[in-house]
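Novice: Now for the letters of each chain:
Number of protein chains: 2
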Amino acid sequence: MQIEKLIEEKKIKLTSARKELLELFLKAQRPLSYEDVKDKIKMDKATFYRNVSKFEEESIVNSFESNDKKRYYGIYVSAHAHFICQVCSSIECVKSITNMQLEGYKIQDVILKGVCKQCNQRNNPPSS
Amino acid sequence: MQIEKLIEEKKIKLTSARKELLELFLKAQRPLSYEDVKDKIKMDKATFYRNVSKFEEESIVNSFESNDKKRYYGIYVSAHAHFICQVCSSIECVKSITNMQLEGYKIQDVILKGVCKQCNQRNNPPSS
DNA sequence: GACTTAATTGCAACTTAGTTGCATTTGCAT
DNA sequence: ATGCAAATGCAACTAAGTTGCAATTAAGTC
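Which chain is which? The protein sequence lines are L and A, in order.
Just remember that my numbering sits 59 ahead of the position in the first sequence, which is counted from 1.
Just remember that my numbering sits 59 ahead of the position in the second sequence, which is counted from 1.
By construction, these hints were calculated from the structure, which means they are not laboratory data.
As the list makes no split between identical chains, a pair holds if one copy fits it or if it spans any two.
Once the Cα atoms are required to be at most 30 Å apart in a straight line, the calculated DSSO-like pairs of lysine-lysine come out as: (1) 172 x 86; (2) 172 x 97; (3) 97 x 129; (4) 99 x 128; (5) 86 x 128; (6) 113 x 128; (7) 104 x 129; (8) 70 x 86; (9) 70 x 172; (10) 69 x 172; (11) 64 x 113; (12) 86 x 101; (13) 113 x 101; (14) 99 x 70; (15) 64 x 172; (16) 172 x 154; (17) 154 x 69; (18) 128 x 154; (19) 165 x 128.
Given these sequences and hints, build the entire structure.
Specialist: In structure tokens:
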């Protein structure tokens with residue numbers, strides 16, 4: 060996927076900040092918070108939040124609140140759920156859960172919370 | 060359901076603040092934030108947060124972050140999903156979605172985001 | 001390529017949900 | 001009733017996210 064593809068047809072400028080940000084989101088393959096981003100690229104938080112907000116308006120990224128009080132942003136790729144681990148706070152994309160229906164409602168996002176595979180095994184090792 | 064039932068067997072005191080809080084949660088039938096609570100009962104926010112945190116430890120309530128940056132708390136009643144409307148920020152309990160499974164993971168909570176019935180109808184009225 | 005202008009940026013000050021330290025109060029067991 | 005740990009209210013704090021503003025930059029026009 061190309062950065063230019065994401066931006067073209069949208070009514071926003073392709074600045075260097077936006078290019079860096081979108082490249083990072085594409086590379087990450089999982090939603091990122093400002094905390095995650097600021098270690099990788101030098102960018103003021105105001106710029107970050109204004110840009111992800113604009114990306115969201117343009118349906119380039121979507122976002123959700125996690126359990127750690129932070130908001131996570133990721134490139135919008137077809138409908139898929141997110142799993143948030145309540146033990147280690149990790150976030151994973153879940154491709155297998157899709158097209159959920161609820162009469163009269165429009166479902167745009169599904170968030171699952173619980174204990175992830177790693178933390179589950181750590182607490183209940185299969186060979187003990 | 061009785062307040063005393065919720066507290067008994069747990070290692071916490073039944074103070075008047077806790078009684079009021081649990082009564083409110085039981086009456087509300089939907090998750091509440093501190094904002095919701097503070098209009099109904101006089102209670103310092105430190106007391107609120109310390110108590111809901113204790114209730115959560117004792118599995119009396121559970122909680123989740125909504126889209127409005129606030130955390131919502133409700134009496135824990137069997138597994139059910141929550142629907143958060145991205146338009147009007149309302150929160151509803153969804154009893155119909157239950158026992159979701161994901162190999163290797165433990166799912167403790169399901170949050171659906173989208174457009175609720177009311178907002179859906181407002182934008183796409185059936186008779187027009 | 002230089003010119004123009006609106007959009008974008010960084011900075012610093014601000015907002016607000018939630019947390020923490022501490023002195024006072026309260027529930028509850030003896 | 002007494003003693004004491006747990007709970008409360010207050011005020012000060014923390015940190016994610018927002019906003020106003022002056023300086024900078026992308027991108028269209030000549």
